[in-house]
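Trainee: In case you want the letters, here they are:
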Amino acid sequence: MKIVYIWILAYLMAYAAPIDIAPKLKIYSMPNALTSKIDWRSDTQLYVSSLGLWISAEKNIYRLDKPSKALTIPLHVSSFTLAKSGHPVAIVDEQLGLINHGFFLPSLKLPMAGYSLAEGPNDTLYLYNSTIAAPIYHFDGNMITPMALPSEAVQSLTYAGSAIIFATKEGIFSLESGKPLGLIMPLPDFATILSIAVNPDTAELFVSTHDTVYSLNNGLMTPLVTGVGGAVAFYDNCLWIADSLRQQVYIIMPNQLK
Amino acid sequence: MKTRLRDVAITMFCIASILQGDSALQQLYDAGGQPRNVPMPPTPTRVYNKSSDSSQSSQNTQSSRPSKSYRAPSTSAMVGATIFGTLLENVLFDSPASNQPDPETLRLQAEQQRLAQEEAERKAKERQIHHQKLMGSFKSVPSTSSTTEETSASHLAFKTAQTSDVSKIDTSSDEALRESASRPFDGGGSHTVFAERLNPTPLSKTSLSIPSAVPLCQNGNCSWPTKTNSVVTTLPKAQIYTKTVNLSKLSNGSIPNPKEFIYSILGDYETKSDKRYLVLNRLSYLTREIGKELLISITMKIIESTSMGDKLSLIKDVHDLAVDDMENAIKVASWLGSTQLDNPPEITSVSEAAKPFLLKAMGTSESFEEIASLISGTSELFGMSAKLSTIIKEMP
Chain Z
249 MKIVYIWILA YLMAYAAPID IAPKLKIYSM PNALTSKIDW RSDTQLYVSS LGLWISAEKN
309 IYRLDKPSKA LTIPLHVSSF TLAKSGHPVA IVDEQLGLIN HGFFLPSLKL PMAGYSLAEG
369 PNDTLYLYNS TIAAPIYHFD GNMITPMALP SEAVQSLTYA GSAIIFATKE GIFSLESGKP
429 LGLIMPLPDF ATILSIAVNP DTAELFVSTH DTVYSLNNGL MTPLVTGVGG AVAFYDNCLW
489 IADSLRQQVY IIMPNQLK
Chain X
3 MKTRLRDVAI TMFCIASILQ GDSALQQLYD AGGQPRNVPM PPTPTRVYNK SSDSSQSSQN
63 TQSSRPSKSY RAPSTSAMVG ATIFGTLLEN VLFDSPASNQ PDPETLRLQA EQQRLAQEEA
123 ERKAKERQIH HQKLMGSFKS VPSTSSTTEE TSASHLAFKT AQTSDVSKID TSSDEALRES
183 ASRPFDGGGS HTVFAERLNP TPLSKTSLSI PSAVPLCQNG NCSWPTKTNS VVTTLPKAQI
243 YTKTVNLSKL SNGSIPNPKE FIYSILGDYE TKSDKRYLVL NRLSYLTREI GKELLISITM
303 KIIESTSMGD KLSLIKDVHD LAVDDMENAI KVASWLGSTQ LDNPPEITSV SEAAKPFLLK
363 AMGTSESFEE IASLISGTSE LFGMSAKLST IIKEMP
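Protein chains in written order, with our numbering: chain Z, 249 to 506; chain X, 3 to 398.
In silico DSSO-like links for lysine-lysine, alpha-carbon gap of 30 angstroms or less:
hint : chain 1 : residue 1 : chain 2 : residue 2
1    : X       : K207      : Z       : K427
2    : Z       : K314      : X       : K127
3    : X       : K229      : Z       : K357
Computed from the model, here is a short list of chain X residues facing chain Z with C-beta under 8 angstroms:
hint : residue
4    : L200
5    : T203
6    : T236
Listing some non-contacts, in silico: residues in chain Z with all C-beta distances to chain X over 12 angstroms:
hint : residue
7    : K285
8    : R289
9    : D291
10   : E306
11   : L319
12   : T320
13   : I321
14   : P322
15   : S327
16   : A331
17   : K332
18   : N348
19   : G350
20   : D371
None of these hints come from the bench; they were simulated from the model. All C-beta atoms, glycine included, are put in the ideal place defined by N, C-alpha and C.
Given only the sequences and the hints, what does the whole structure look like? Please build it.
Mentor: Have a look at this one:
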């Protein structure tokens, strides 16, 4: 009988071992029925807001909170975000356009390949190049602002207030008008920063690699969860993670207050 | 004021006309919008005697119509009709002379606003229900964590942002230190402004001047501007301040004291703000002890179903109490191990973990040594918590 207990415990420990979460946090995963239908890709993007929970896959963009697909005809979307109207804005074949009624409507040819999209303030977009050193643009649908030309390709980008936060292979930087380029965290020889998210209430940063999500707070970068990684988004005081390696969507939230 | 007086006078005039016998409506009807040069029949004088009924009167009126015998309206009828018409027009239609908004329009606007508000509320409610359903669909993931209770995500009350002094690090317990180190989602500092919170190190002395926005497309031609600030994101190696902390490699052959170690990190962190730290595997070390506790709780749940379950459950209770109050836990453990079960110790702890010893009736006379021997066997297998060992060691 004792051997049976040991086996049960060993199984439980083996199952529990890969995911290691910080105290005072809980982790949940999405039902497999939803995530198993996604044709996952390694550079998946995640968008979470009141407009829904969206994930880019190999041939489509999936909405998981109201299970549906953005595109009627499958297409490889390089990058996407959502406009405030609820329509996905996407890059397909170096063309920027809106997805409406299941169809991609290309409207702008991008200056070069390798550009990705990030949501900006007040229904605007940031465009950054994740393959080569190229300008970071801010675009409001009509006016374009070349923000800066970093000397490295940008791995991921987001914004906090009026500052742009971006990661290169050297570290995490801040870019703000009227201030010099700021170094938030030097990360030479570190894993690729796949995604950055911001808690808009506290300006706390969350950065993710393939297998860890860190909290970045005034020079101290501590892992919130290990064994889980990928694209991250912060919404509703929760950290949302789309993990393409584990093909799962996780949510991390603080424990219930007692 | 004058307008009001005029309105009152007009109204009085109308009332007087009505009282005179020719109703204003009849006068209006009689005036009928006919041109004034059309010869009109004289105003009929209707005398209703008591014996005549209304049908008769009606017949008379109807019989007079086909004859097309128009009557010339009296001056008073004309004036009354005109005034009444003006009044009626004022009531029914929006008078351009009047600055007051039409009540009907206001009512419609209010109704539209109310409907729009109701629609917005309904949509917000739908979104909330939808969000709750989404949250409820997530299921708990097994993980090494300080928490083992099973709670549905949909029932969680989200922790709101709290502010605390970043330099205030609680070193009173390991748990407090762990919280100080991670500060999940609570802000972790009094600053919520990005620049103050993350304190970016300036990499140059010159401030960036972002170029002004220009139209991307003009006259059908789109051109992407390329002239902008070049920023050097390649860091000179000598200026990198990152200190990577790998807890597992810093033990120097012995198990590091987590409290002292984290304190040294955070103490250093407090005094030298220009340095930045990357804690690589803090969790894998610090949660080892939490993992032990999790293991023990699983073990207890399994073994509780056996004959020795009650006794082990008591030991678990002692362990729980020891988390908060070691002194009372030792007292209770000593009491359980003694033969004087009729004489329980005075428990001074107010913690929740002390309740079992206040409430549970002692129905066994087994000596503590027997239970302890079983515990030591379990300990060999799974590695018991250090707290239990401390209790046993410190027992008199």
